[in-house]
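Undergrad: Next come the chains, spelled out residue by residue.
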Amino acid sequence: MNNDNIMLKISGLKVSIDDREILSGVNLEVRPGEVHAIMGPNGSGKSTLSAVLAGREEFKVTEGEILFEGEDLLSLSPEERSWAGVFLGFQYPIEIPGVTNINFIKTAINEHRKRKGLPALSAADFLKLMRERMAYVDMDSSFTSRGVNVGFSGGEKKRNEIFQMAMLEPKLAILDETDSGLDVDALRVVAGGINRLKTPENATIVITHYQRLLDYIVPDFIHVLYKGRIIKSAGRELAREIENRGYDWLINEQ
Amino acid sequence: MKQNYIYTPAFTSEFRCKVPLKETRQLFIVNGKVQGGQTPFSLRLEEGEIMKEMLQIISVRHKSYKEHLSTQQDFHFGKGSVGRIIQCSHTFSPDRFRTTEKVTITVDKEASAEFYIMQNEHNNAEHNTTYEINVAAGAFLKMVFLSLHGGVIRNEILLNLNERHAQCDLAGLYLTDSKQLMDYKISLNHLVPECTSGQLFKGILDDEGVAHFYGRIKVAPDAQKTEAFQANHNLLISDKAKAYTQPQLEIYADDVKCSHGATIGRLNDDELFYMRTRGIPEAEARLLQQKAFAHEVLEKISNTELRERMLSLVERRLRGEFSHCSTCIRNCC
Chain A
1 MNNDNIMLKI
11 SGLKVSIDDR
21 EILSGVNLEV
31 RPGEVHAIMG
41 PNGSGKSTLS
51 AVLAGREEFK
61 VTEGEILFEG
71 EDLLSLSPEE
81 RSWAGVFLGF
91 QYPIEIPGVT
101 NINFIKTAIN
111 EHRKRKGLPA
121 LSAADFLKLM
131 RERMAYVDMD
141 SSFTSRGVNV
151 GFSGGEKKRN
161 EIFQMAMLEP
171 KLAILDETDS
181 GLDVDALRVV
191 AGGINRLKTP
201 ENATIVITHY
211 QRLLDYIVPD
221 FIHVLYKGRI
231 IKSAGRELAR
241 EIENRGYDWL
251 INEQ
Chain B
1001 MKQNYIYTPA
1011 FTSEFRCKVP
1021 LKETRQLFIV
1031 NGKVQGGQTP
1041 FSLRLEEGEI
1051 MKEMLQIISV
1061 RHKSYKEHLS
1071 TQQDFHFGKG
1081 SVGRIIQCSH
1091 TFSPDRFRTT
1101 EKVTITVDKE
1111 ASAEFYIMQN
1121 EHNNAEHNTT
1131 YEINVAAGAF
1141 LKMVFLSLHG
1151 GVIRNEILLN
1161 LNERHAQCDL
1171 AGLYLTDSKQ
1181 LMDYKISLNH
1191 LVPECTSGQL
1201 FKGILDDEGV
1211 AHFYGRIKVA
1221 PDAQKTEAFQ
1231 ANHNLLISDK
1241 AKAYTQPQLE
1251 IYADDVKCSH
1261 GATIGRLNDD
1271 ELFYMRTRGI
1281 PEAEARLLQQ
1291 KAFAHEVLEK
1301 ISNTELRERM
1311 LSLVERRLRG
1321 EFSHCSTCIR
1331 NCC
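Protein chains in written order, with this note's numbering: chain A, 1 to 254; chain B, 1001 to 1333.
Please note that a few of the clues may not be correct.
Straight-line Cα separation of at most 27 Å, BS3-like style, residue types lysine-lysine; simulated pairs [to be verified]: (1) LYS1291(B) x LYS157(A); (2) LYS1257(B) x LYS1185(B); (3) LYS1225(B) x LYS1257(B); (4) LYS1291(B) x LYS106(A); (5) LYS1240(B) x LYS1185(B); (6) LYS1218(B) x LYS1257(B); (7) LYS106(A) x LYS1257(B); (8) LYS114(A) x LYS1291(B); (9) LYS1185(B) x LYS1291(B).
Here's a subset of chain B near chain A, in silico, CB distances under 8 Å, partners left out [said to hold, decoys possible]: (10) GLU1047; (11) GLY1048; (12) TYR1252; (13) ASP1270; (14) TYR1274; (15) GLY1279; (16) ILE1280; (17) GLU1284.
By construction, these hints were calculated from the structure, which means they are not laboratory data.
By construction, the Cβ of each residue, glycine as well, lies at the ideal position given by its N, Cα and C atoms.
All chains should be modelled from the sequences, with the hints used to inform the complete structure.
TA: Have a look at this one:
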C-alpha cells in the first residue's frame, strides 16, 4: 500500500454526543480515485461519521484523529474543510427561505475562488458553468431563482446536492443517504451525476442503507458499520451478500 | 403642482444630494428650514394631478447645529391624484440632538400615495416622528419605513381608513446595534366597511439594541368586510438584544378577516451549518440570512433603482460599515 497517497485517514475515532458514545474507534483510509461505501443498520453511526467529517459542532471527538491530505481535519472549520475539498451531501438538505439558489451557489463558488487566489467569476462565465452543471442532474433552470431547497421535492433536493457538488468539484465527497427518498428514475439521474464527476484524482464515500444505490455507483470497498465500529470491510461483492442475508450474520460473527 | 419650494441645484453653497436617483426631484430641509421655500413644508396635489417624478425630501442638519428641532410636513393628495415621496433624514452634526417631527397625510378619494421613509442618522440622534393619516374612499396609501440608523427612533402612526374601499399597505425594516432603540407605535382604525390594511414590520437587532413594536388594529362596530393583516417579526443577532412586540386586535364587527402574527427568533443554526459546508464563511452566511430576512420588506419598494439603493444601504449597515450611497463622498449619516 502506498501510504503517501492517502487522501483521508481516520484513526481510532471515538465520538460522543451528550456523553453517549456513538463512534467507538473507527479506522478508514481513502485514496484518490476510490469509491467507498459505508453500510450498516439504523443507528450504527453512519450519519454521525459524515457529520463529524463535515464539522458539525454538536459532536465531540473524544479520541482519535482524521487527516485529510496529511492535515488535521478536525482543527478546521466547516468552511475551511469545504475550501480544502471536502463536500458533504446531506441526507436531509436544509431549506433556506429568502436566499436564492443562484445567489447561494455563486457566493460559495466565489468564496472558493478567493481561497485559491482567483478573481470572482464574471456573470457570463458563472451562468455558463451553472447551466452546464445543472445539465448533469437534469435540473430545470427555474430552480435557480427559487429559495435554496424551498418547496423542492425529495428528489429535487438530492439533485440540488449533486449540482452543488458538480459546481464545487470537491476532492472528497461524502454522500449521506443520497438514495433515500428517491424513486428509480431520480436515483438513476442522481447516480449518473455522481458517476460523471468521478475522476482518478477524487474520491467518494457513499453512506447508504441499501445496496440499491450501489447498482448505479459501483464501490471499490464496502465497510459495514455497527455499533460505532467497522465490523467488516470487503470488496463490492459484499453488497450482494448483505442484500441476500441482511446484517445479522455479520453481527453474529462478532 | 402647487409647491412652496424652488429646486436650485446650481447654488453649490447650499446642500444638495450628489447622487440623486433618476426621475426624482429633490427638496432640502436644512436645520428645519425649507431651502429656497416656505417653512413648514406643505405639498398639495390638485384633483387628478399626477406627479411624474418622485419627490425626495432630504432633511439634514448642519455640522454645528445641535438645537432641538421641531418640524412639520403636510401632504394633501387631491381626488384621483398620484404621487410618490421619499423622505430622508440625515445629519452632518455628530452631536447629541433631538428632532421632533409631525407629518400629516391626507389621501382624498381614489388618490394613490406612496411614501418611502429612510431614517439614517447616528447613535447620538433622537428622532421622534408622528404621522397623522387619513385615507378616503377608494384611495390607496403605501408606506415603507427603513429605520437604518439612530440612537433613538420613534415612529408613531395614527391611521384612519375613513371611507369605503380605502386601502393601506404599511411596511418597515428597523436595524439596531450598540444600545439603539427603535419604537414603532401604530394605531390603525377601520372606521367603515370594506377597507383593507396590511402591515409588515421586521427588525434585526444586534448588540444591546432594543425594539418595541406596538400595533393596534381597531375595527369599528359597522366596519363589516374589513380585511386587516399585521405581522411583526424580529431577529435577535446577539444574546443581549431585545424585542418587545404587542400586536392588538380590537374587533367590534362580526364579518371580518383579520390576523396578526408576531415572532422573535434568532438565526437558524442548520442553515448556517449548511452554508458553511459549501464554503460560505460564517460571517457571510449570517449576512445572507439577515438579507433574506429583510428581503420581504425591501420587496415592497416598487421602484427598482430605489430598491437597489436601499438594499445596498441595508447590506452596508448589516456589515457594520458606514451606510452612505455608493459613489457619494458626502457621507450623510
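Undergrad: Each of the hints needs a verdict: does it hold here or not?
TA: Evaluation of the provided hints:
1. LYS1291(B) x LYS157(A): 23 Å, holds
2. LYS1257(B) x LYS1185(B): Status holds; Cα separation ~22 Å.
3. LYS1225(B) x LYS1257(B): 7 Å, holds
4. LYS1291(B) x LYS106(A): 15 Å, holds
5. LYS1240(B) x LYS1185(B): 23 Å, holds
6. LYS1218(B) x LYS1257(B): 12 Å, holds
7. LYS106(A) x LYS1257(B): Status violated; Cα separation ~42 Å.
8. LYS114(A) x LYS1291(B): 22 Å, holds
9. LYS1185(B) x LYS1291(B): 25 Å, holds
10. GLU1047: 42 Å, violated
11. GLY1048: 39 Å, violated
12. TYR1252: 36 Å, violated
13. ASP1270: 5 Å, holds
14. TYR1274: 4 Å, holds
15. GLY1279: Check passed: Cβ of GLY1279(B) comes within 4 Å of chain A, closer than 8 Å.
16. ILE1280: 5 Å, holds
17. GLU1284: At about 7 Å, which falls below the 8 Å cut-off, the nearest Cβ of chain A leaves the hint on GLU1284(B) intact, so it holds.
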